[in-house]
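Okay, here's what each chain looks like letter by letter:
4 protein chains.
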Amino acid sequence: MAHKIAILGASGYTGAEMVRLLATHPNMEITALTADRKAGQTMAEVFPHLRHLDLPALVKIDDVDFTAVDLVVCALPHATSQQVIKALPRDLKVVDLSADFRLRDAAAYEKWYGQPHAAMDLQAEAVYGLPEFYREDIRTARIVACTGCNAATGQFALRPLISARVIDLDDIIIDLKTGVSGAGRSLKENLLHAELSEGTHAYGVGGVHRHLGEFDQEFSLLAGRKVEVQFTPHLLPANRGILATVYVKGDPAVVHDTLTAAYAEEPFIVTLPFGEHPSTRHVRGSNFVHIGVVGDRRPGRAIVIAALDNLTKGSSGMALQNVNLMLGEAETTGLMLAPVFP
Amino acid sequence: MAHKIAILGASGYTGAEMVRLLATHPNMEITALTADRKAGQTMAEVFPHLRHLDLPALVKIDDVDFTAVDLVVCALPHATSQQVIKALPRDLKVVDLSADFRLRDAAAYEKWYGQPHAAMDLQAEAVYGLPEFYREDIRTARIVACTGCNAATGQFALRPLISARVIDLDDIIIDLKTGVSGAGRSLKENLLHAELSEGTHAYGVGGVHRHLGEFDQEFSLLAGRKVEVQFTPHLLPANRGILATVYVKGDPAVVHDTLTAAYAEEPFIVTLPFGEHPSTRHVRGSNFVHIGVVGDRRPGRAIVIAALDNLTKGSSGMALQNVNLMLGEAETTGLMLAPVFP
Amino acid sequence: MAHKIAILGASGYTGAEMVRLLATHPNMEITALTADRKAGQTMAEVFPHLRHLDLPALVKIDDVDFTAVDLVVCALPHATSQQVIKALPRDLKVVDLSADFRLRDAAAYEKWYGQPHAAMDLQAEAVYGLPEFYREDIRTARIVACTGCNAATGQFALRPLISARVIDLDDIIIDLKTGVSGAGRSLKENLLHAELSEGTHAYGVGGVHRHLGEFDQEFSLLAGRKVEVQFTPHLLPANRGILATVYVKGDPAVVHDTLTAAYAEEPFIVTLPFGEHPSTRHVRGSNFVHIGVVGDRRPGRAIVIAALDNLTKGSSGMALQNVNLMLGEAETTGLMLAPVFP
Amino acid sequence: MAHKIAILGASGYTGAEMVRLLATHPNMEITALTADRKAGQTMAEVFPHLRHLDLPALVKIDDVDFTAVDLVVCALPHATSQQVIKALPRDLKVVDLSADFRLRDAAAYEKWYGQPHAAMDLQAEAVYGLPEFYREDIRTARIVACTGCNAATGQFALRPLISARVIDLDDIIIDLKTGVSGAGRSLKENLLHAELSEGTHAYGVGGVHRHLGEFDQEFSLLAGRKVEVQFTPHLLPANRGILATVYVKGDPAVVHDTLTAAYAEEPFIVTLPFGEHPSTRHVRGSNFVHIGVVGDRRPGRAIVIAALDNLTKGSSGMALQNVNLMLGEAETTGLMLAPVFP
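Chains as they are written, first to last, in my numbering: chain A, 427 to 768; chain B, 427 to 768; chain C, 427 to 768; chain D, 427 to 768.
Hints are not guaranteed to be accurate.
Repeated chains share a single entry, so a pair holds when one copy, or any two copies, can fit it.
Claimed, not checked - In silico DSS-like links for lysine-lysine, alpha-carbon gap of 30 Å or less: (1) Lys430 to Lys512; (2) Lys652 to Lys675; (3) Lys614 to Lys464; (4) Lys430 to Lys652.
Hint data in this document are derived by calculation from the structure and do not stem from the laboratory.
So here's chain A without its partners, still in its complex pose (with noise of 0.2 Å):
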């Protein structure tokens, strides 16, 4: 019997990108969607790419019945989140695409997002969400908080060589390029495709991105020590696609062989013969992530370069992986889709 889903915030992108993936899943049913201002519409006028699935019409929260539900998949704002998870049934399964239940420490949350959190004793019970490290816990967990996408990025690249303790952990540059569509779908003048197409422009530069709160809980978890990394994430004139180029120094082989074995069996992640590099173009609309490591002319430098569908790998894909664990379906289920090239 299928699993009965809720996804709340289902018209902003992440939440589209959650039914479109649940649409060919074999045993999931959406039985409940949700927006604020677009309440009373149905799917099909908010998203008209989803208009030949038969889907429930967009009600308020107030008006979803959870008692009918499995599981909560929130695609709501950040600060949003976190208040309404809270009103939530205490029993209910709830994967959240938002910041709010990212960071463990409540110092953290309040420096990256600038105001306080709300419901830390939830925070508490929460799992970070990125199933290829958290996957046991995932399966057993109430809560779990999806990765921010450059965030997802940016560990896949890393946290087996800081793991490993095989390179140079004050002087890690991380820099990234982005599709916009990571941006939302918020009215916002440098989201404007005439501001936007036909070129490139950094933002967040200088240590100053939210994402970097990730950075800093996790790979200072793994090190055991504090590491701060550089980030520049830039955007990109294409819709989906991350591309994180990262620089590190340590010795390119060990580099390779590190991701190489930590990636062995891991199904959606595939890691390049060495020298070889990814494009964004040959993951978009999939949950897979290509990672290559080239060598740099200067010997101990490193280059390694990670591509992934923000939108699938690392918002509502990721969210399904960590959906299916949680419920006990095989972690790939629905989410095979092969890269749709050109």
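We have chain A already, so just place chains B, C and D on it with the hints.
Just chains B, C and D now, with coordinates in the frame of chain A:
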């Protein structure tokens, strides 16, 4: 047990799209992939987005053991295709993506393709591969000729209207906009990113585009008289998607009713409510067609707009529909992937 | 001595384009720039691509000293424009980029713009700002109303044909494709990069687009009878450029001859050799119009295709032509910039 | 009287850009245009965006009368260029856009370009064509070698910092994003629209990109010691524009002050206020460079970001600056065109 499929010409976009779709089909196995110049390479080298799949390496056609093949999908260039199919075992089922077996009339073929047809005997047993209209013939056919992607789009908009004689047959204009992947992976200056992005232009203007051969054949057959439409394709700065804006003279409400009734039971064709019209973005990567009808301010004139993905519904998705029909599978198997938006 | 120009509404794309063009004009000086919500900011903040210029800061309209101004370019939204122009000193020359003074008939204005016109007295002295056709009136006008960008493109393709009565006036179809900058810098969901890139759709289908008001007025005036064209605009995933594909019934050679003769002396309008047709990419960033004519396979039918840059020739370049004429400068001064390709 | 300019290799993008810029230069006349395979065609056929200009038809180099030429702009491919320039009259001024005369050391040339240099005697008289740094030498040079477009961008960000010794010379990383027109108009599969749009990838990773030859030569010369930077270029889905994100170790305020002081008098280089950083979109089609400096959260680290248009400031605009200097014109003549945005 899985059906065994060989794909000839797998290094082009339609070949790759066929692999993408078969990758999540439950009952198909790819047993051979061919490419001429790229024989010897792996599919991962030629199309890195497929590297997570366990696929046979590319070989030359002569190196394929066709005794172990149930059906051949032929994604070769026009003219090459007829030679290759002629040389295949005579009992092998074939779905051809080229133009070689679309036109029943030898003179028409020579007119539109500039050379005599070399396998007219095979042409006699080929079925025109538009499944919504030739479904029963396709089930029992040995050779099915998938249609041109533009030809498919125009026909979805017009066939029911011509059959039902609800429009003026002498005043039909198809103004079509197509993404660039329809032109294939060939090295032409006008297909370079720098030449194509950020603008548009028409091509094949004035009644010289080859897909007119298909329009003329099919529409005249339906009407029982000669029908010649006007057709102007334009190249879009987008990879996938065709939008056909079709100008007809007829009662808009009747036009809408006729299309709605014709497609009521079709799993892949969605007729929008009267007055609404589609976007190519909402069918991208999927096998769906969206069709809308709007009445003009001038009475007795309607605009029919149809959208599909040229690589999926316009080519390899249509091919897989045909493969399913020919091998006794449910027609929709493996084809219900939701569109990828944004 | 340089003419003193004020630009009202300088924070939008047409305002910025006006500044771009004036930047290399030898005899113009920008003495005031206004913006409503962005008053107080510098132009470099609002449009960093203009930061190398020494420009006045943005102020509110009330803070402009119009006694030091020779001519006002008004790039304000429809409806706002008429209020503002009404309040300006009565002897000040005005070039208006809004729709407010394009339609001579009060009822027509109300029909297409949904509200009564508030300055019909000024309308009486306004000249329709298509310089190739109203040149002499523009020289002596106080108020010139630049045309809509789509309206300009369609008129360049059709005016000489209607004047010369070489086409069927009852069967004209304009299928138009426009870049997104024509929609301005406003915050609308459908103008986001993620919603617009990589695809196309029609809008204003069926005879409801406001530029039809201009087509109706001008074409009927030329023909001496009512002329109502069909008009379907489509949104392109490109920032600049309009391509109008116009279907007419008439002799293609006569159509071509008529256009060639009409534009023989025009500095900005290039009629291509018979059978060739233009691309928007080849006029980008320039004040040129390229027009081509192709004969259809069906005798007595021609396709006329016109391309221009909506922000330059379709808006601010046209405005500068008018400014030049009104201030006694050579019409082409500052406007001979070659298109930017690729 | 106008200077007479010949452009060799006018069928490529840098050749066309040269024509675009010269089109509005008051004191230059194009007297010859050459192309090898396209000889015999008009420029309007090869580049329709230039069809409004009265230009000589394309001829083969052997058919040019160089006695009527004051200066040759050579836009030929690497290796070809040295052969052609060697055969020109020895008193003819030459601005070369290829890599052939950039590297002073024969061994370096052979290392980076894979073959021995065939005209080292001419190399001795060639001046490195970065006008902001070699201005006086350029005025009197016979041969000027314009720099690589990536090399120019990196040098604008770094030269003053290396000269002033305010950064660690052993830890410089240039992560660069470039538009596709930098790769020229050549027919390569990876330059097709379908392969490039909607994504990004790195290339020349690990210290193998040829522009490193220029970085090594120039930075080592400035430092008086060997300097080897890390350099990773990425291909953007955009036609024009380079953004170099440069990671340095040094005091951010000092870095900013050094750059601001260095470029205070430069007409084309704009140093942004501390903490701001540029977009490629804001220099498109222009000869301007925008440079920004941001301090990292980790003390002693700065990010320098430089943006320019690879075809203008990175190639043909730089060339015209050099032409102006060599012919006694004001350096900025014809080059003050404002960027085209959006």
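Inset, instruction - Sort out which numbered hints this structure fails and list those numbers smallest first. - result: 4
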